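**Q** Each chain is listed here by its residues.
Number of protein chains: 2
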Amino acid sequence: MVPKVIFGAGSFNQLAEIISPKRKSRVPFVFIVDDVFKKNEGLVNRIPLNFNDKLLFISANEEPKTTEIDTIVKDLKEEFNGIPSGIIGIGGGGIMDVAKAVSIMLTNSGKAHEYQGLDLVKKKAVYHVGVPTISGTGAEVSRASVLMGPTKKLGINSDFTPFDQVILDPELTIGVPKNQWFYTGMDCFIHCVASLNGTLLNAFSQSYGEKAYDLCLEIFTEDKNSDAEKRAKLMMASWHSGMSIAYSQVGIAHAMSYGLSYVLGTKHGIGNCIVFNQLEEFYGNDVAIFKEMMARFDIDLPQNVCAGLSEIELNTVIDVALGLTPLWENALGKDWQTLMTRDRLKNLYLKI
Amino acid sequence: MVPKVIFGAGSFNQLAEIISPKRKSRVPFVFIVDDVFKKNEGLVNRIPLNFNDKLLFISANEEPKTTEIDTIVKDLKEEFNGIPSGIIGIGGGGIMDVAKAVSIMLTNSGKAHEYQGLDLVKKKAVYHVGVPTISGTGAEVSRASVLMGPTKKLGINSDFTPFDQVILDPELTIGVPKNQWFYTGMDCFIHCVASLNGTLLNAFSQSYGEKAYDLCLEIFTEDKNSDAEKRAKLMMASWHSGMSIAYSQVGIAHAMSYGLSYVLGTKHGIGNCIVFNQLEEFYGNDVAIFKEMMARFDIDLPQNVCAGLSEIELNTVIDVALGLTPLWENALGKDWQTLMTRDRLKNLYLKI
Numbered sequence: 011m012v013p014k015v016i017f018g019a020g021s022f023n024q025l026a027e028i029i030s031p032k033r034k035s036r037v038p039f040v041f042i043v044d045d046v047f048k049k050n051e052g053l054v055n056r057i058p059l060n061f062n063d064k065l066l067f068i069s070a071n072e073e074p075k076t077t078e079i080d081t082i083v084k085d086l087k088e089e090f091n092g093i094p095s096g097i098i099g100i101g102g103g104g105i106m107d108v109a110k111a112v113s114i115m116l117t118n119s120g121k122a123h124e125y126q127g128l129d130l131v132k133k134k135a136v137y138h139v140g141v142p143t144i145s146g147t148g149a150e151v152s153r154a155s156v157l158m159g160p161t162k163k164l165g166i167n168s169d170f171t172p173f174d175q176v177i178l179d180p181e182l183t184i185g186v187p188k189n190q191w192f193y194t195g196m197d198c199f200i201h202c203v204a205s206l207n208g209t210l211l212n213a214f215s216q217s218y219g220e221k222a223y224d225l226c227l228e229i230f231t232e233d234k235n236s237d238a239e240k241r242a243k244l245m246m247a248s249w250h251s252g253m254s255i256a257y258s259q260v261g262i263a264h265a266m267s268y269g270l271s272y273v274l275g276t277k278h279g280i281g282n283c284i285v286f287n288q289l290e291e292f293y294g295n296d297v298a299i300f301k302e303m304m305a306r307f308d309i310d311l312p313q314n315v316c317a318g319l320s321e322i323e324l325n326t327v328i329d330v331a332l333g334l335t336p337l338w339e340n341a342l343g344k345d346w347q348t349l350m351t352r353d354r355l356k357n358l359y360l361k362i
Numbered sequence: 011m012v013p014k015v016i017f018g019a020g021s022f023n024q025l026a027e028i029i030s031p032k033r034k035s036r037v038p039f040v041f042i043v044d045d046v047f048k049k050n051e052g053l054v055n056r057i058p059l060n061f062n063d064k065l066l067f068i069s070a071n072e073e074p075k076t077t078e079i080d081t082i083v084k085d086l087k088e089e090f091n092g093i094p095s096g097i098i099g100i101g102g103g104g105i106m107d108v109a110k111a112v113s114i115m116l117t118n119s120g121k122a123h124e125y126q127g128l129d130l131v132k133k134k135a136v137y138h139v140g141v142p143t144i145s146g147t148g149a150e151v152s153r154a155s156v157l158m159g160p161t162k163k164l165g166i167n168s169d170f171t172p173f174d175q176v177i178l179d180p181e182l183t184i185g186v187p188k189n190q191w192f193y194t195g196m197d198c199f200i201h202c203v204a205s206l207n208g209t210l211l212n213a214f215s216q217s218y219g220e221k222a223y224d225l226c227l228e229i230f231t232e233d234k235n236s237d238a239e240k241r242a243k244l245m246m247a248s249w250h251s252g253m254s255i256a257y258s259q260v261g262i263a264h265a266m267s268y269g270l271s272y273v274l275g276t277k278h279g280i281g282n283c284i285v286f287n288q289l290e291e292f293y294g295n296d297v298a299i300f301k302e303m304m305a306r307f308d309i310d311l312p313q314n315v316c317a318g319l320s321e322i323e324l325n326t327v328i329d330v331a332l333g334l335t336p337l338w339e340n341a342l343g344k345d346w347q348t349l350m351t352r353d354r355l356k357n358l359y360l361k362i
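Line by line, the protein sequences are chains A and B. When the first sequence is numbered by the numbering used here, its final residue is 362 and no position is left out of the sequence of numbers. When the second sequence is numbered by the numbering used here, its final residue is 362 and no position is left out of the sequence of numbers.
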């Protein structure tokens, strides 16, 4: 779990004060920032650069790759001839994942893809801080850094992955485009649905999942909150849904969405929405609520996304999805393989 | 915040595995255990003692004192000629507070009372693990160790206070006497009421506070959960309410209860109940719910608890309570002193 967190509109202003005691005598911090902020001087000027601190803009247009992590780490090591004082990630879920993985790979030898899986990281990561600028992925609180590797999309899931410090400043989410706000918010909603309907549910996950679910309903189906309240509450919903799946698992939508990401490069948030929209037979009531939310915010989704895939590509999509055993077990129980055959999954993919 | 937590019935069995990597070559762990378990062989035999680990039974009949901490620390240093590998606290809120304070005072010089207050601790505490055996205080998750000092009841509130690891095993709460279960559960309920109705409320505290409040209603006013579910949910309610007040504050009941503790030695849980029962004018709806809960579980409270106090003693009670500025500010706002005069507070004390 994340040991330190601050929350509040404007709390980003405390970043300098928070990281300053962590600086090792003039050794730089590296700020890994979503490049959508490149032209946002308002934000960039507030990043507390000192000495030879480095500002590294990263594109979040594609899902982060293990090879990208390896390149960043190699470049940083060459440029600084040593290990930075810390990594500060500022951006969405993808940037959170990059910041977490870079901080791990600065102290662990080899390549990032070697650490995809459960508890493979051996050494403590460099001090790392997460500053989310969009809400819903839960990446700010999770113990995974989800990356596209040479053979799989999978998390570096370890005790050393979580941020040492998170800054939750809802004002940083002002200006997120509506569709992206919705897709990412739905990532949170779908985490809750998967967790609350999963076979791995327990009172810990349930309490976090129920709260995040209720907050999503408030934000996406009701009108009682101001915009500022909605921003703050969605940030907390993301946090709680991340905590919920930390102690359970996600489910069918995520498994299928990982397959799409791997072959089509579909981004995580929209991928989940595309899939979840067709999962009535598994999550009937919540899919109905999801469709209401889509209508309410006038959200369109791509149709027939698998139509152009070759048979080989479609098989790869299915292989990647079916490889995620814990997700299927959570959704359908130990006997999931008898319930989710290749044919059934193929038909689901052809529906979306 | 607590960086590591495990949850689940039976999870206490993982204690040996969890602490073993933290042992510094045969340096002992010290288990600080509530002495109500002295005759509970079932629990005592499950405590994973190895090498020269020490089992220290502590009475929780009275609120923990700073002098008690000083004595324990002095004895441990003399006995072991060095600092233990870690402190494991097993018990209720008082034991949690003792374990946290001892782990701090093993590495910080001077006396425990010198650290009562905000961020006065300078050095990292010894590795410490919390295993709550009753639910409601939130001490398992909080950044304070609340102690009775020579001049005040106040927390050692610091970044180094929270446990490094918590084990939430609801089965350990089996056998708690009904009254104690109720009083301690109400500590949690009252935290939520104070937080949700306080002027310091924010979306972070609100989301945790609302969830804990809802769980309390489920447990104490409804019949839909099994006993095992109730135990698990109350453990989570305690956790969430602790998180809620971590980012806001408690209120009038706690301020007044601290005064009672200081002069009469009233224990925290029952003290809060005695006071809260008479706070209709501040928390009307929730006091009504509280009275319903009392009736439902056939709970009695002492009456006229201040009747035997001398004028001097009553003034001390009032002084201690009024000294807790942040609690009054949270409850009544910046102008609290005009709203809560000595006379008004005296009348409240004479009502309880």
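Calculated directly from the structure, the hints in this document are not laboratory data. Hints are not guaranteed to be accurate.
Claimed, not checked - Partial selection, computed: residues in chain B whose CB lies under 8 Å from chain A: (1) MET11; (2) PRO58; (3) PHE214; (4) LYS221; (5) ALA305.
As the list claims (entries may be wrong) - Under the rule of at most 20 Å between Cα atoms (straight-line distance), these lysine-lysine pairs were calculated in the PhoX-like manner: (6) B:LYS121 <-> B:LYS133; (7) B:LYS14 <-> A:LYS14; (8) A:LYS121 <-> A:LYS87; (9) B:LYS121 <-> A:LYS32.
Every value quoted in this text rests on a predicted model; they were computed, and no experiment measured them. Ideal Cβ placement from N, Cα and C applies to all residues, glycine included.
**Q** Please check whether B:ALA305 passes as an interface residue: C-beta within 8 Å of a C-beta belonging to chain A.
**A** Hint on B:ALA305: violated, closest Cβ of chain A at ~27 Å, above 8 Å.
**Q** With the threshold set at 20 Å, check whether the alpha-carbon distance from B:LYS121 to B:LYS133 stays at or below it.
**A** The hint holds at about 14 Å.
**Q** With the threshold set at 20 Å, check whether the alpha-carbon distance from B:LYS121 to A:LYS32 stays at or below it.
**A** violated, 28 Å
**Q** Check the hint pairing B:LYS14 with A:LYS14 against an upper bound of 20 Å on the C-alpha distance.
**A** holds, 12 Å
**Q** Can the hint on B:PHE214 be confirmed by a CB-to-CB distance to chain A that is less than 8 Å?
**A** holds, 4 Å
**Q** Given a cut of 8 Å on the nearest C-beta pair, is the interface hint for B:LYS221 held or broken against chain A?
**A** Holds, because the Cβ-Cβ distance from B:LYS221 to chain A comes to roughly 4 Å (cut-off 8 Å).
**Q** Regarding the pair A:LYS121 and A:LYS87, is the alpha-carbon distance no greater than 20 Å?
**A** holds, 14 Å
**Q** Would the hint on B:PRO58 stand, with a C-beta cut-off of 8 Å toward chain A?
**A** violated, 20 Å
**Q** Does B:MET11 hold up as a contact with chain A if the rule is Cβ-Cβ below 8 Å?
**A** This hint holds: B:MET11 lies near chain A, its Cβ roughly 5 Å from the closest one there, short of 8 Å.
Consistency note: the structure conflicts with the earlier hints numbered 2, 5, 9.
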